[in-house]
Amino acid sequence: MIVSAGYYMALAAALFVIGALGMLLRRNVLVMFMCIELMLNAVNLTLISAGRALNDLNGQVAVFFILVVAAAEVVVGLAIIVAIFRRRSTASIDELSELRG
Amino acid sequence: MVEGILFVLMAVTALAGAVTVVVARNPVYSAMGLLGTLFSVAVLYVAQLAHFVAAVQVIVYAGAVMTLFLFVIMFIGVDTSDDRDERLPMQRFWVGILAGVIVLLAAGITLSGNFDWVPAAVETIPEATNGTIQAIAEPLFTDWVLAFEATALLLTISAAGAIALAHFKGQRT
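Listed in order, the protein sequences are those of chains A and B.
The opening position of the first sequence corresponds to residue 16 in this note's numbering, with each subsequent residue numbered one higher.
The opening position of the second sequence corresponds to residue -7 in this note's numbering, with each subsequent residue numbered one higher.
The hints are simulated quantities; they were obtained by calculation from the structure and are not laboratory data.
Even for Gly, the Cβ is constructed at its ideal location relative to N, Cα and C.
Honestly, I wouldn't trust all of these hints.
Stated by the list, open to error - A few chain A residues facing chain B, derived, Cβ under 10 Å:
hint, residue
1, Ala25
2, Leu26
3, Ala29
4, Leu30
5, Ile33
6, Gly34
7, Leu36
8, Gly37
9, Met49
10, Cys50
11, Asn56
12, Asp71
13, Val78
14, Val84
15, Ala87
Unchecked claim - Listed next, the stretches of chain B that the computed footprint assigns to chain A, with coverage defined by at least 3 CB atoms under 8 Å from CB atoms of chain A:
hint, stretch
16, 84 to 98
17, 118 to 127
From just these sequences and the hints, can you work out the full model?
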């Protein structure tokens, strides 16, 4: 069995869909955040396998930058969640609806 | 052959972890599922010769980010009360329809394309994408040095922002 880039792409697509469905289904803001990480990882896998199929190292450089941005995003996002929790004492997004028009 | 077995094993683990993230009632279980997925994806990176990125994945994601996630889960307290009440009407029904459509679409594209919808290079040279630290550093510090400096700035700003948010004293509590 020769594993072509398409197999990795299919796995990444499946991971991305699961993450997107988790975003839609869950209401716990922490679990939604984890689903974002899941989708980021799926995209990283796509970039790595595409770079390998195209003989291009820049795919791995892009993944490196995505990892850095994701780390910064997690830091700020979790700080926001903690700040919200201090005010509202809830982790459910259904309770956070003041901005509803 | 070895890569095939490795791919099947790690794909199963990654998908199982991903499903655990979405399905688990307890956020700690979700974090553990995400951890499994991250490790499996790191192994798949190694199988594709992205050694440095795999190491960074394990250290940054599985190490730092997951520790932060678990810390915040423990800090907030394990809240399993979500998903009990349905506020959006027919949410699960529509998400199920959407998932079905996406899966069928992806399966159709995959089967009709016969797994060849990545325009691969004419000749694959494994050495060209051997992602050692030296190989990654060379484009990182020549072509992408401006982006590299920008990420340094981004990390500094996000660290300062996290500290500012943590110091936030609510006026109306």
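When the structure is checked against the list of hints, which entries are broken? Sort them ascending. none
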